Amino acid sequence: MIENLIEKLNPEQHEAAVAGDGPLLILAAAGTGKTQTLVCRVAHLVDSGVNPGSILLLTFTNKAAREMLERARAAVGPAVGDVWSGTFHHVCNRILRANAQVLGYRPNFTIADKADSRSLIAKAMAEVGVGGDKFPKRDVLASFFGNAANRGISLEDVLEEKYPGHPSDHGAIVAVHDAYVRLKFDAGVMDFDDLLVNCVRLFELKPEILDYYRRKFRYILVDEYQDTNTIQSRFVDSLAGGGNITAVGDDFQCIYTWRGADFRNIMDFPSRYPGARIIKLEQNYRSTPEILDVANASIANNHDQFAKKLRATRGHGSKPTVYRVYDSMAQSMEILKQIRNYLDMGFTYSDMAVLYRSHFHSIDLQILLARSRIPFRITSGMGVFETAHVKDVLSLLRLLCDPQDSLAFERFFGLLPKLGPQSLAKMWAKLGGACDLTDAAGRAAAAAAMPPTARSAFEPISHAIARYCEAKAKTGDENVGELISTFIDNFYFAYLQKNFDNPEDRVDDINEVAVQIRSGASLADFLQNVALNTNSEAEVGLNEGGKDEIRLSTVHQAKGLEWPIVFIICANEDMFPSSRAIGDNGDDSEERRLFYVAVTRAKSHLGIFVPSSRKTFEGGSMPCRPSRFIKEIPSSLLNVKFGAYR
DNA sequence: ACTTTATGCGTTTTT
DNA sequence: CGCATAAAGT
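In short: position in the first sequence from 1, add 300, done, that's this note's numbering.
It cannot be assumed that every hint is accurate.
[Stated by the list, open to error] Under the rule of at most 25 Å between Cα atoms (straight-line distance), these lysine-lysine pairs were calculated in the PhoX-like manner:
1. K903 - K619
2. K363 - K516
3. K609 - K903
4. K308 - K608
No lab work stands behind these hints, which were simulated from the structure alone.
These numbers come from a predicted model, not from an experiment.
Work out the full structure: start from the sequences and follow the hints.
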């Protein structure tokens, strides 16, 4: 079985898959069979007798990990299920669950999502007594904090770099950060960055724990290594201890520096791991030579990278085409026309993808596709789990799982009329920092602690919870679905009607989530995964795979994927490259890498769309120029066509 | 404590 | 413009 798998590899891939112990760097350019190679390496390790439990596979998304292990399982059997795999955050979470007490956390600490962090930062600002016009907003502060954490540098250094104009504010910002750290700790929550930082801290603090995991993970494989940041590489380096680490990546595809990723991690790998073997995969199996020519020509405008050139293995196809269209509506109509053409040629919807720099670039197209009854799936900016109504319901479940989750407490009881921030704080103090609704005494205490005027609204909810808990005690069954639907009937639907114009849609979302909970493991596990899989149906599995749909996606979310037909839209200056991303220093190399990623997603047909005007904030329109990424490609490599619409 | 009005401000990218 | 948060009014 495994022989069949490995036989299909080319010599370089084969060498990488079966390479012996020691550090190994696989420089895998786009479309060169990187995933297949990694799958084979895992399968080969297991097949040659390595205990699967001693393999750690770090990937960029949890979905990628699942898919790889699924393929490895097909080759060498169910034992691969014991491989530890997932994102850095996922794996760190798992390690911290077992060791959180060492750092003074409870083992059932909650993970603060972005909204939770936001509200804690707001609290911290209020505590320090800063705010107002001239002071940076919460989100800006959050990005400073995150930057410091992910790059492993001090907040002061970040401020010097990112906020140099206002040195007088630096002290106050640091004070806000101190308060934020304390608030998080008191509430027993970790934010995303804390998962990484605390794990590294744990290893530094307790060498015996580090030692345990070092001995456990005898083989470490890291995918998408070019997008690791300082804290992640520190995590890996301390676990690997110079030993059996395989890093796979492509510096051309480093597109997360804004999140602290540093492709020097991959550039410096050979010096950090002396004696590292380097294997380059350059044979591209994905795209036609015409598409690769464009990709190579584009990335050649960047410097300071490993020299690499994609070599085509496929036969010739059609030249990538640039479509000059009037505006984004004309762009959408041109795409609609082409979709129908490709369907006539025998392609399916799922053969096609539309890629763009920012979510909002695709709204016109979404409207037109919906109106034209074209099935499409969009990886949206906000996932269901981030919508207010789903978070409302989840806050109840969170509180049931963890009575000390103060954020969940505030969100949940804040739903009740007459309960504002003030009374909530008083309540929380009266309850002594815990609110256990699973027990009758706890529910009574909660009712007693709230202002008498609020009690009547709580009564029916309390009743629903009581029913759920009694059933659970009796049968051992967690019938969360029923709890949710009684909660909606008894209280929440009225709330939705009062506050939103589409209460039914929102109930549908909630029911969808309820189905997810029922199909999964325990409620506690589910809630952890919700926090770690923020924005994606793809991650959590809301998509019934195999549907024939066109995919609409940001380039970032298209990483690692491929389609026969790819449309890149809004290829304009200020949009792609994004004016914000280029920023003050004028460095456009990351945006160019992003463009390179977009181009190399296409297997056979690539269309690049360039509107000549765009809408302004006010609703008018203004002219806009074609992207530099098109201009800098030799014109002989591209067809240029003009759209027919308006 | 809740409702209304003013202002502001934006539209990167995500674990 | 349209949404979201802040300030002022009831």
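Outcome of the hint check:
1. K903 - K619: holds (12 Å)
2. K363 - K516: holds (24 Å)
3. K609 - K903: holds (17 Å)
4. K308 - K608: holds (23 Å)
Violated hints are absent here; each numbered hint is respected by the structure.
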